[in-house]
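Peer 1: With the sequences and hints as input, model every part of the structure.
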Amino acid sequence: MFRRKSGFTLVEIMVVISIVALLVSVAIVEGVKFRKLANEANCTANLKAIAGGFEVYSARHGGAYALAAEPNLQFLIDDNCLFQDLVSMSQVGNFRYAVNSVEPAGYNIRGLAINPALADHNYEISTGGILKRSDTSVSSDLDFKNF
Numbered sequence: 019m020f021r022r023k024s025g026f027t028l029v030e031i032m033v034v035i036s037i038v039a040l041l042v043s044v045a046i047v048e049g050v051k052f053r054k055l056a057n058e059a060n061c062t063a064n065l066k067a068i069a070g071g072f073e074v075y076s077a078r079h080g081g082a083y084a085l086a087a088e089p090n091l092q093f094l095i096d097d098n099c100l101f102q103d104l105v106s107m108s109q110v111g112n113f114r115y116a117v118n119s120v121e122p123a124g125y126n127i128r129g130l131a132i133n134p135a136l137a138d139h140n141y142e143i144s145t146g147g148i149l150k151r152s153d154t155s156v157s158s159d160l161d162f163k164n165f
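Using our numbering, the letters of the sequence shown correspond one by one to residues 19 to 165.
Watch out, some of these pointers could steer you wrong.
[Stated by the list, open to error] Within a straight-line C-alpha distance of at most 20 Å, the following computed DMTMM-like cross-link-like pairs (lysine to aspartate or glutamate) qualify:
1) LYS54 - ASP138
2) LYS54 - ASP153
3) LYS54 - GLU142
4) LYS66 - ASP96
5) LYS163 - GLU142
6) LYS150 - GLU73
7) LYS150 - ASP138
8) LYS66 - ASP138
No lab work stands behind these hints, which were simulated from the structure alone.
Peer 2: So this is what it looks like as structure tokens:
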């Protein structure tokens, strides 16, 4: 009588393709979220390394965090307190690093997100390694809070 062909029907193939498409879309969304978290973790690690360099410098120089006339972080490299790849970093990855103040009494450095689509927060570290965070949506006034 009727002979049945082996194989998949068009409906079965379309169901499988739609399930695969759904799984891929979920994976892409999660991947973007994890990329943001990785970018922010890299920024905080760089800021903590710079703060560690300041603390080493301070311990070697009687509690002073910097020379009064230093406009950048080169003095940390010269004193072997910090590796150069962290200092020559006006921009690393998705963050731009800005030295707000370096004085004998303390320091203040910011990591600002260049592209808010790749990072949700800006970061700031100051004397004593105090790390603060602000939302990139309020980057105009940079309202930093401890976290």
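Peer 1: All the hints need checking, so say for each whether the structure fits it.
Peer 2: How the hints compare with the structure:
1. Proximity of LYS54 to ASP138 is assessed by CA-CA distance (about 7 Å); at most 20 Å being required, the pair is judged to hold.
2. For the proposed pair LYS54 and ASP153, the alpha carbon gap of about 13 Å is at most 20 Å, so the pair holds.
3. Proposed proximity of LYS54 and GLU142 is supported: the alpha carbons are some 17 Å apart, at most 20 Å.
4. Annotation: proposed proximity of LYS66 to ASP96 holds, straight-line Cα distance about 19 Å (limit 20 Å).
5. The suggested pairing of LYS163 with GLU142 holds, with an alpha-carbon distance near 9 Å, which does not exceed 20 Å.
6. In summary, the hint linking LYS150 to GLU73 is supported, as the alpha carbons are separated by about 18 Å, within the 20 Å threshold.
7. Of the supplied pair hints, the one linking LYS150 and ASP138 holds, its CA atoms being roughly 13 Å apart against a limit of 20 Å.
8. The straight-line distance between the Cα atoms of LYS66 and ASP138 is roughly 19 Å, inside the 20 Å bound, and the hint therefore holds.
When each numbered hint is compared with the structure, no violation occurs for any of them.
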